[in-house]
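Asks: Line order of the protein sequences matches chains P and G. For the first sequence, this note's numbering assigns the number 1 to the initial residue and increments by one for each residue that follows. For the second sequence, this note's numbering assigns the number 180 to the initial residue and increments by one for each residue that follows.
It is possible that some hints are incorrect.
[Stated by the list, open to error] Only pairs whose alpha carbons sit at most 16 Å apart, straight line, appear in this in silico EDC-like list of lysine to aspartate or glutamate:
hint	chain 1	residue 1	chain 2	residue 2
1	P	K82	G	E524
2	G	K477	G	D359
3	G	K492	P	E25
4	G	K364	P	D96
5	G	K560	G	E708
6	G	K477	G	E409
7	G	K468	G	E195
8	P	K82	G	E366
9	G	K513	G	E314
10	G	K364	G	D288
11	G	K517	G	E314
12	G	K581	G	D510
13	G	K450	G	E524
14	G	K346	G	E314
15	G	K190	G	E314
16	P	K27	G	D359
17	P	K27	G	E383
18	G	K244	G	E314
What the hints contain is simulated information worked out from the structure, not anything from laboratory work. In this text the structure is predicted, and so the values were computed from the model without any measurement.
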Amino acid sequence: MAPEPFLGDVDRSPVTHHILSVLVENKAGVLARIAGLFARRGFNIYSLAVAPSEGQARFSRVTIVVDAESAPIEQIVGQLNKLINVVAITDLAPKDALERELLLASVVTNSENRAQILGLVESFNASIVDVDARSLTLMLAGTPRACDELEKSLEVFAEVELHRTGRVALPRLTKTEEN
Amino acid sequence: MELTGAQALIKSLEHEGVETIFGLPGGAILPVYDPIRDSSIRHVLVRHEQGAGHMAEGYALATGKPGVAIVTSGPGATNIVTPIANAYMDSTPLVVITGQVASASIGTDAFQECDITGITMGITKHNFLITSAEEIPRVVAAAFHIATTGRPGPVLIDFPKDIAQSKMEWWYPESIDELDLPGYKPEIVLDLSSIEAAVALISEAERPVLYVGGGTLKSDATAQLVAFAERTKMPVVTTLMARGAFPDSHPQHLGMPGMHGTYTAVTAIQKSDLLISLGARFDDRVTGKISAFAAGAKIIHVDIDPAEFNKVKPATVSVRSDIATALEAFDAAKAISKNLDPWWEMLNGWREQYPLVYAPTDDPALLRPQEIIEAIAASAKPGTIVSSGVGQHQMWTSQFWKFDEPRTWINSGGAGTMGFGVPAAIGAKAARPDVDVWCIDGDGCFQMTAQELVTATSEGFPIKVAILNNAYLGMVRQWQEMFYEERFSEVFLDADLPDYVKWAESMGAVGLRARTIEEMHDAIRQANEIHDRSVVIDFRTPASEMVFPMVAAGASNDDIMVHPLQEVKN
């Protein structure tokens with residue numbers, strides 16, 4: 001049974017998740033090795049983002065948000081490190097991480113809700129990236145919490161198709177309490 | 180020099196110093212079998228791929244060198260999955276080469292295709308699918324490097340048929356820098372502060388125990404261990420995987436810990452105030468109920484694999500190192516223990532009160548399994564290698580054989596693979612033709628892999644097999660007797676079916692049978708005089724015999740059950 005997923009970021013769940021930024025060799029099956037390791041050891045992945053890394057074809061960056069209650073973070077990092085294709089792991093606690101995520105949502109519009117949606121776009125500092133006669137697509141690049149809140153705000157609309165990327169993160173340059 | 184991929188593979192194995200490979204050909208691996216004819220490498224033709232894997236394990240455990248097996252795709256590959264899993268659990272260095280369908284056919288459900296890299300992802304240290312002939316030397320060199328360094332383990336190379344048939348210009352990597360392994364860094368810089376912290380704990384301990392695991396054998400640390408133990412006067416226990424790492428004849432040796440360990444070894448750990456784990460991993464068969472395991476002890480955990488730290492039991496001090504290096508560092512840091520005389524007084528009291536025992540037979544003509552093992556051990560030359568399957572006979576061998584040399588005990592620990600004994604013994608004999616190799620087996624185990632005695636005969640690896648034939652899957656029977664109210668379910672095997680003597684003879688071995696003490700001594704004497712053929716002795720033993728001491732699964736080690744003869748009568 002999956003544990004209750006945590007929603008939002010630092011404020012709501014200060015210690016239950018860690019962000020592992022994992023540099024891997026860009027080889028066939030690497031993602032299966034990571035996913036398989038998590039599955040067989042009973043570690044939970046909350047979100048996963050994968051992309052080629054830093055312009056090098058040889059490596060990819062896998063950003064894994066793990067539920068540190070499913071296993072001690074030391075165990076997760078230790079086991080991941082044993083995968084031969086894993087080159088480096090940066091373990092970021094939420095307070096030390098700058099986390100961002102991308103949200104895309106297409107909403108069917110009408111004369112009644114259009115102003116309301118545009119208001120949301122403005123208040124979340126989102127942007128409109130596609131429009132046709134009966135719907136529009138908006139985009140938000142922001143904190144996971146902002147994405148959570150926008151997602152919740154969009155629930156009132158009848159027809160919404162919404163995708164999120166999973167988060168990426170970098171260490172904070174300055175350690176502050178502000179996001 | 181232009182070579183085919185198949186030639187490059189065999190030449191790469193030669194470059195790695197491989198002398199013996201265990202295997203069985205088939206369609207996808209067929210091209211590789213052609214250059215084997217011209218190679219200096221000896222190929223041992225097995226009768227089942229599982230046999231190839233266990234032979235490679237026996238070879239590796241007897242020598243410390245990597246065992247090598249080669250099989251075809253599909254069912255050939257899946258048949259060797261059990262040995263791979265077994266080697267992974269016991270950190271045994273193996274390189275397994277599987278044939279694969281041609282690259283263009285991968286993913287099409289081709290004949291004898293299976294996704295063996297996917298299947299073995301969780302039971303190998305690493306695996307490779309070869310994608311071009313040019314990379315063969317690099318992948319083979321990387322496989323041996325990975326299998327044998329750091330915490331050893333099995334590595335699989337999946338080898339598509341078209342690549343075996345394609346051409347490449349021969350080269351071989353000259354250093355590990357050419358292996359393209361940016362994520363693999365087995366070198367360790369010893370953290371001296373961890374050594375100092377450990378030495379401080381050692382100096383304060385009143386009831387320390389050296390908990391010696393299989394990593395001590397992997398690190399060839401017997402000499403360092405004996406020196407360290409003797410200098411600090413600390414008691415030693417050796418796990419099932421470490422039997423032989425510290426001589427059983429040494430007065431500081433308390434025996435094996437765990438579910439069927441000696442009372443003194445189990446209880447010493449329970450009462451200890453400092454547990455020094457040397458290449459052990461706090462397996463559940465050692466710890467019993469983990470919350471009750473060594474509850475009053477601080478823990479120094481020495482391991483080459485940092486993922487073992489705090490996995491099961493939090494360590495007070497963790498030392499990332501191979502065992503030999505760590506023991507040398509403890510010495511260099513002048514680790515001194517307190518006066519342990521009061522501790523030894525307790526330990527010796529337990530040893531005296533609860534030695535390993537078994538009941539004398541009501542009928543002196545009947546055989547007890549333990550006395551068979553003691554009789555074989557007493558007649559064996561020094562350095563004799565012993566393998567076993569898994570079950571009661573394995574526990575009795577571990578208890579009653581006295582191991583005085585490293586790499587003389589070949590067994591399946593973590594995986595508990597029945598049928599391991601016969602092929603592992605053959606692999607050990609292939610590695611060490613100069614020493615006698617006994618397999619103490621059960622009748623259930625023997626029936627799983629006995630056909631490899633044909634391999635032993637045809638390839639000239641004579642081994643001696645002692646079947647402790649109690650006509651039952653004995654360990655399961657014991658649990659049913661103790662925990663299922665003697666409701667025996669599907670454990671009876673029949674002592675006379677098969678006829679083990681005839682079966683042995685049909686495989687080119689000498690078959691003997693012993694039912695009495697006199698016949699036992701006679702059969703062992705005959706077996707020791709035969710060197711040109713394998714010998715199988717069918718020893719008839721009582722099914723009622725049980726392994727003691729015992730800690731019930733999930734119970735605290737404090738609740739160890741001693742032999743009924745030793746129970747205190749109230």
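Asks: Are the Cα positions of K477(G) and E409(G) separated by 16 Å at most?
Replies: The given pair, whose Cα atoms are some 21 Å apart, is violated under the 16 Å limit.
Asks: CA of K364(G) to CA of D96(P), is that 16 Å or under?
Replies: Since the Cα atoms of K364(G) and D96(P) sit roughly 27 Å apart, the hinted pair is violated (cutoff 16 Å).
Asks: Do the alpha carbons of K513(G) and E314(G) lie within 16 Å of each other, as the hint requires?
Replies: Given that 16 Å is the threshold and the Cα spacing comes to 49 Å, the pair is violated.
Asks: For K517(G) and E314(G), compute the direct alpha-carbon distance and say whether it is at most 16 Å.
Replies: This hinted pair is violated, its Cα atoms lying about 57 Å apart.
Asks: Does K581(G) pair with D510(G) here, judged by a C-alpha cut-off of 16 Å?
Replies: The hint is violated at about 28 Å.
Asks: Holds or violated: K27(P) and D359(G), Cα atoms, limit 16 Å.
Replies: With a Cα-Cα distance of about 12 Å, the restraint between K27(P) and D359(G) holds, given a limit of 16 Å.
Asks: Between K450(G) and E524(G), does the CA-CA distance stay at or below 16 Å?
Replies: holds (13 Å)
Asks: Between the alpha carbons of K27(P) and E383(G), is the straight-line distance 16 Å or under?
Replies: Distance of about 50 Å is beyond 16 Å: violated.
Asks: Below or equal to 16 Å on CA atoms is what counts here, so check K560(G) against E708(G).
Replies: holds (12 Å)
Asks: Under the criterion that the straight-line Cα-Cα distance not exceed 16 Å, is the pair K468(G), E195(G) satisfied?
Replies: violated (44 Å)
Asks: Hinted pair, alpha-carbon criterion (16 Å max): K364(G), D288(G). Please report holds or violated.
Replies: violated (37 Å)
Asks: Under the criterion that the straight-line Cα-Cα distance not exceed 16 Å, is the pair K346(G), E314(G) satisfied?
Replies: The hint holds at about 11 Å.
Hints 1, 2, 3, 4, 6, 7, 9, 10, 11, 12, 17 and 18, counting from the list given before, are not met by this structure.
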